[in-house]
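Please put together the full structure from these sequences, using the hints given.
Going line by line, the protein sequences match chains Y and E. For what it's worth, this note's numbering labels the leading residue of the first sequence as 4, then goes sequentially. For what it's worth, this note's numbering labels the leading residue of the second sequence as 4, then goes sequentially.
Just so you know, not all the hints are guaranteed correct.
Unchecked claim - Straight-line Cα separation of at most 35 Å, DSBU-like style, residue types lysine-lysine; simulated pairs:
no.: 1; chain 1: E; residue 1: 17; chain 2: Y; residue 2: 68
no.: 2; chain 1: E; residue 1: 131; chain 2: Y; residue 2: 68
no.: 3; chain 1: E; residue 1: 131; chain 2: Y; residue 2: 131
no.: 4; chain 1: Y; residue 1: 140; chain 2: Y; residue 2: 58
These are computed hints drawn from the structure, not numbers from a lab.
2 protein chains.
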Amino acid sequence: MSRSFSVNPIGVVKKTDDAARIEIFDEYADGLLGLEGFSHMMVFYWFDQNDTPEKRKTLQVHPRKDPRNPLTGVFATHSPLRPNPIALTRCKIVAITGNIIEIEEIDAYDGSPVIDIKCYVPASVEDKDVRQPDWIKK
Amino acid sequence: MSRSFSVNPIGVVKKTDDAARIEIFDEYADGLLGLEGFSHMMVFYWFDQNDTPEKRKTLQVHPRKDPRNPLTGVFATHSPLRPNPIALTRCKIVAITGNIIEIEEIDAYDGSPVIDIKCYVPASVEDKDVRQPDWIKK
Numbered sequence: 004m005s006r007s008f009s010v011n012p013i014g015v016v017k018k019t020d021d022a023a024r025i026e027i028f029d030e031y032a033d034g035l036l037g038l039e040g041f042s043h044m045m046v047f048y049w050f051d052q053n054d055t056p057e058k059r060k061t062l063q064v065h066p067r068k069d070p071r072n073p074l075t076g077v078f079a080t081h082s083p084l085r086p087n088p089i090a091l092t093r094c095k096i097v098a099i100t101g102n103i104i105e106i107e108e109i110d111a112y113d114g115s116p117v118i119d120i121k122c123y124v125p126a127s128v129e130d131k132d133v134r135q136p137d138w139i140k141k
Numbered sequence: 004m005s006r007s008f009s010v011n012p013i014g015v016v017k018k019t020d021d022a023a024r025i026e027i028f029d030e031y032a033d034g035l036l037g038l039e040g041f042s043h044m045m046v047f048y049w050f051d052q053n054d055t056p057e058k059r060k061t062l063q064v065h066p067r068k069d070p071r072n073p074l075t076g077v078f079a080t081h082s083p084l085r086p087n088p089i090a091l092t093r094c095k096i097v098a099i100t101g102n103i104i105e106i107e108e109i110d111a112y113d114g115s116p117v118i119d120i121k122c123y124v125p126a127s128v129e130d131k132d133v134r135q136p137d138w139i140k141k
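Pasting the structure below:
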């Protein structure tokens with residue numbers, strides 16, 4: 004088998020009842036320069052609550068934990084159960100102050116380790132060219 | 004500092020002059036069930052040729068290696084130089100046969116380690132609500 008790679012968190016998700024933000028660790032704050040020019044960003048975080056050997060071995064799930072959805076390979080879903088528990092979500096940027104990114108909301112737990120951020124550039128795929136299974140549309 | 008996480012490749016990018024495919028390692032092939040229902044997928048791969056301590060410390064770049072573009076934090080770009088060299092790209096699925104995903108094209112080197120695949124679901128952000136800096140539009 005091929006070698007493994009090491010991922011070091013660059014920050015952390017902080018959530019309260021009425022606010023959400025991402026705190027970038029000081030040593031990585033210089034990487035935020037210019038992010039304020041974007042309305043949205045892609046946030047990569049780690050499903051750390053699902054990072055167990057057993058959950059990493061789960062290869063098929065019923066999407067959205069709904070048994071009425073067909074058994075589906077995790078690579079055809081966004082399930083937190085997957086060999087490498089990487090989460091990807093798009094966030095709207097509200098404000099950036101120093102190493103703090105205020106965001107509108109995020110579908111992550113408070114305390115989730117953030118492992119990367121990339122600027123959000125809209126997809127160039129026309130909707131008419133996109134095909135998805137029925138369980139997605141429900 | 005927080006702990007680090009381990010990423011294990013699930014497959015590899017294979018490219019020739021006239022074809023591109025992703026080979027999923029046999030032990031993960033069950034994770035592909037249902038992916039054929041999607042026209043596109045998100046492929047996460049590792050910028051393994053940029054995984055050096057020095058490149059991981061690079062926090063600001065001139066986007067697209069063009070000195071006319073403003074010095075920009077790597078988190079506001081898709082640069083391969085970043086603390087965790089994770090690449091994300093969308094691919095059109097041509098066919099899936101066993102553990103082989105034939106794709107239309109991919110902006111990755113032959114041999115790049117694939118670390119995750121997720122189904123592609125179009126963004127729900129309206130174009131009019133997206134803001135980007137000028138260097139993106141060139």
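Results of checking the hints against the structure:
1. The hinted pair formed by residue 17 of chain E and residue 68 of chain Y meets the criterion: a straight-line CA distance of about 34 Å does not exceed 35 Å.
2. A distance of roughly 34 Å separates the Cα atoms of residue 131 of chain E and residue 68 of chain Y; the hinted pair therefore holds under the 35 Å criterion.
3. A distance of roughly 19 Å separates the Cα atoms of residue 131 of chain E and residue 131 of chain Y; the hinted pair therefore holds under the 35 Å criterion.
4. With a C-alpha separation of about 26 Å, the suggested pairing of residue 140 of chain Y with residue 58 of chain Y holds against the 35 Å cut-off.
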